[in-house]
Amino acid sequence: MNDTSNENILEVDKVVMAFGGLMALFKPDFSVQRGIIKAIIGPNGAGKTTLFNVITGFFSPTEGTVRFKGQPISSLKTHEIADRGISRTFQTIELFGNMSVLENVMLGCHTRVRASFMAAGFCLPGARRKEKEIQERAMKILRFIGLADKCNDPADSLPLGEQKILEIGRALASEPELVCLDEPAAGLNETETHVASSLIKAINAKGVTVLLVEHDMKVVMNVSDEIVVLNYGQKIAEGPPKEIRNNPKVIEAYLGGDT
Amino acid sequence: METITPAGQLFQYLITGITVGSIYAMVAVGFNIIYNVTEIINFAQGEFVMLGGLVMVSLHVGMGLPLIAAFPATMIIVTLVGMLLDRLAISPIRRPTVLSLIIATIAASILLKGTAMFIWGKDPYDLPAFSGRNPITFLGAVIQPQYFWVIGFLIITVIVLTLFFEKTILGKAMSACADNPDAASLVGINVKQMILLSFALSAAIGAVAGIVVTPISLMEYDRGAMLAVKGFGAAVLGGLGSFPGAVIGGLILGAIESLGAGLISSGYKDAFALIVLMFVLFYKPSGIFGDIEVSKIKRF
Amino acid sequence: MLRIGKLPISTFAFLIIIFPWVAHQIPGIEHYTDVMVFAGIYSLITIGLSLLMGYAGQISVGHAAFYGIGAYVSGILTARYGLNPWICMLAGISVAGAVALIVGAPCLKLKGHYLAMATLAFGIIIFIVFNEEAEWTGGPDGMSGIPGLSIFGFDFDSVEKYFYLVWGFVFAAFVFSVNIIQSGAGRALRAIHSSETAANAMGVNVSGYKVLVFVYSAVLASLAGSLYAHYLNFINPATFDLFFSIKLLIMIALGGMHNLWGAVIGAGIITFLNYEWLHYFEEFEVIVYGAILLVVVIFFPDGLAGIPDMLKKRLGKH
Amino acid sequence: MKLRRIVIFTTVCLFSLGFLVSPALAFKVGAVFSVTGRTSFLGDPEKKTAVMVAEQINAAGGINGEKLELIVYDSEGDATKANLAVKKLITQDKVSVVIGPSLSGTSMAVVPLAAKYKTPLISCAASYKITWDKEKGTARKWVFKTPQTDTMAVDAIYSALKQKGISKIAIMSVTSGFGASGRGELIRLAPEYGMTIMADEKYGPKDTDMTVQLTKIKGLAPKAIVNWSVGPTQVVVLRNWRDLGMKSIPFYQSHGFGSRKNIELAAGAAEGVFCPLGAVNIAELLTPYDTQYAVAQRYLKDYKAKYNEPLSSFGGHAWDALHMAAQALASVGDDKAKIRDYLENNIKGFVGQHGVFFYSPDDHIGLDKAAFRMVVVRDGDWALAD
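Protein chains in written order, with the numbering used here: chain X, 9 to 267; chain U, 8 to 307; chain F, 141 to 458; chain A, 3 to 388.
Next comes chain X alone, as it looks inside the complex:
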């Protein structure tokens, strides 16, 4: 852990993502400093979620690279990227609905504490100890996100807001250095949105870098340190919230200036 203050934890370097003839991403270029909250905004179809999928390894980019802590990661598999310390949530909730709230978070610990098939099968003391350790950590996270009292409920029985929160909790369980949140406030009411915002800040306060895709501008302006704006797969602006708010290009993109 040397000099963590000004280091770029993530660098997106001229990434191109093409689906057939369609350019979902065309060479956006930006970096994320360790310890900040950075938001990615842009109109629908701007390529935000595609960018998340490239960063987390669901898509491998047609051109360009993504570097995490200085190392290129675009050729790695999704689970290997998760191992390195990037965690994410999904726009459409992807909880393990058949598992309990606690188990969802426990699964998040998968990258950090792993028992081998054999050790688990033979129920070796090491495996049992690890399992206990995971459970305690998961409970700690549940207390942090405020779902400890629902730990045994099936995940799909939670209301939408809590499911969103749980997804964030699950992402935190892997002790990521960077967490990518895909529209954490979508579909939430005002109170829930408020809870989500403070949770994002709390996560950041623990030293976790946050990359955020969000439509709710109140949330974005409230929590983020820096903003990147995408339109048609290209970066059109980058800077602190105040600057972005007044950037004519951004306003045009959002107002839908076609010409």
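Errors might be hidden in some of the hints.
Unchecked claim - Going by beta-carbon spacing under 8 Å, a handful of chain U positions derived as facing chain A:
| no. | residue |
| --- | --- |
| 1 | THR23 |
| 2 | ILE25 |
| 3 | THR26 |
| 4 | ILE176 |
| 5 | SER224 |
| 6 | ARG230 |
Source of the hints: derived by calculation from the structure; they are not laboratory data. For every residue, glycine included, the Cβ atom is placed at its ideal position computed from N, Cα and C.
For this one, chain X is given, so just place chains U, F and A on it according to the hints.
Relative to the frame of chain X, chains U, F and A by itself:
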């Protein structure tokens, strides 16, 4: 005896393969009709073929009905069986999953097989060929007239189905169910009835396949399972849900089996077809004409 | 997902131990011990399949092949080359595991019905190989002269002894599988079943786990095959055909695939139905069998092992 | 958990109730046939025949005044099921002798049991391996069989071919136990008769068309075709043979063709086809001077009267097996070792449906190739060849 040239042999292999493949294709088309509306793979599809053959034997040979009357009568009877299958085995299932539906159709096929054994016994039965049994010699190959009936009925089936799905309101409604059942029911389409209709249609097609193939291969009560497996293979090879895929898949399977048997080893002929099928899937995980996105949502 | 505690497992062990004695006390069912040997052999396979299908959500319609590979490796190496049966059993497991690895890696990328077809094709291909490679396998006629099992001079030469041997293996496999299910690995399998996308993003090596559990189930099937071969002293390809793979599916579905107890109960019930009880219906046997399956699928979607939960829910409502 | 135990307990109780009826004293003979399933064409007539024979014996006063109790189980052609059934017959039903199973495969699966439980077994399946222990080079002590072996059928066919001066042949077989075993014997005995096998083709038991295999054979122009299969495929193959214009190549079927139903199904395509058959198939063609005339005629008449369906030759295997078992029981009682000894030493010239049996310590098959008569299909019916 006239001798046969290598070219004649090759042609003979192909024409036989296409005939056998046409039957597989018809079974595959039957799979697809139900699959498109319900995402169910109906493993009782082969039993419809068996029933088609045996009911036809009873009506045409047993009761002496003329071909032209026995043919539609058989189709109607088997269609009713198909509808019964939906009402008794599929629609009552409370919480359908891929596995429970597979098991339900397997159970239904066991039931149909058992009932057929009870009615017709275990012996094979024969049907007279539609236009006699005097073979035609063509390019050195010998072709039974019944081959033309088989291939012809495949073509007719494909044309009629295409017209049905593209030109009629009912057909369009069925396609809508396939694309999005929730939306379909919102616009007032009765999804349950569409499912029933899909079972009826695929049973009718199964019956046709059974009727035309029996004069070539005879028919007995336990023929269904093997036909279902081959037809399923054809449907998957072509891409589940795709009608052109079913036809191409069936013909390819038939041709590989036939050419493999003729040119390499008759013992391994089924294996050749299946190996090709597996490699196609490895290369193209949703079959030749299959839609990758469609295949992704079929969670098990 | 039931947590399986110590009490039910000890009850299970106790029932196994007393079964031959109880069967012997009741006139007319002495031979149930013999039937139970086969129920045990099938349970070994369904336990593995339960992990693969019920927990990881990957269908296989080709496990008769692995069962057959175990049986034939054991049969060929013992009857033709006179090797020690236990070594042959290990050899069978290695071969089945290796084949599962090679076939599983590309197959398990497929989903749903496509996966079903690929595994079904694999099963049929292996069946054809058993039939065709007569020099090794004896062809459709089968292969006899496979010796029985013994260890340190102790022969497993009676039905009871073999019963304890087989069910010892079943018990071990059961406990091993329960441990896996209740560990992080089991959680990962269920996560894969629920959402491969999310599991991947959480660092679960989805394809790796799928292949791993496929290999595990193949190994258990192969072990079952070896036990079968040494019990019957004879094997023929018909035992390992497509219909056996389907029968395994039926066992899993009937017992309840989201539950390891279901694997054992399903294997037991289907074995007894097929080998004992349906016998009384004679010509109607097939029809009754189909009807039973249908009723279970329609009314007990979670299989027989799901009935207690279902009753609990019903009673809870009132 | 409690509930599960209760359920199990009641199930066990219910199913055990049915067994509590204790049987009366009788001579017990067990039988295992593939009554249903793919090979039911063997087991079904065997079961019907065995049941009929048992009834006849009991109607005629039983065996030495005691009833003959026949217990039949269905193996469905499944090795596992046959194995279980035989064990159940021996250990539970305590039968003195077992007849069946119907298939070579299922028979091989139960052969070790006969020795283990020291119970005589009279198999109704073809393969010589059933009674012959290749490793020891002796007949298996406790196992006998009634059907002619494939070896005899091949002998009969090859002799006929040799007589006609034919030596270049093509063979076809179905990939089941029956076909594979016949194919093995055809290949093994070919050099002995100076036969050259030009083509060795196979097809599956549920195949719909054998044109391809025959086309390949046609290209090689052999002087005769020998086909080994059972069920519908052996009819389809004949139709393809006729349609391909190959009638100038003589066609020999195995003894599996022995049912008039097949001639009928072939719809004319069977004309001129040869096959070796036992006396039972051609009861009507036998002269009254024939040794087997009386038994064959009676069986034919009784079977038709009772079941109102055409006689299948396979039932004859069960007829032979059960009659021999009954004869042994009548002579030596229900001691299993004595029954075995009786079968081995006293079955000399037993006139059965498929031949005249002579068992000896070295020969538990009891027949030779005289048991087969070469038959040809003429005018839709069997006729003696030559």
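Inset, instruction - Go through the hint on THR23 (chain U) and say holds or violated, using the shortest Cβ distance to chain A against 8 Å. - result: holds (4 Å)
Legend entry - Interface hint status, SER224 (chain U) versus chain A (Cβ within 8 Å): OK, holds: SER224 (chain U) within 8 Å of chain A, min 3 Å.
Legend entry - Cut-off 8 Å, beta-carbon criterion: hint that THR26 (chain U) touches chain A: holds (7 Å)
Legend entry - Agreement of hint ILE25 (chain U) with chain A interface, Cβ distance less than 8 Å: Given a least distance of 11 Å, the restraint on ILE25 (chain U) is violated.
Inset, instruction - Double-check ARG230 (chain U) for me: the hint is only fine if its C-beta lies closer than 8 Å to a C-beta in chain A. - result: holds (6 Å)
Inset, instruction - With chain A as the partner, please determine if ILE176 (chain U) meets the hint condition of a C-beta pair closer than 8 Å. - result: violated (38 Å)
Hints 2 and 4, counting from the list given before, are not met by this structure.
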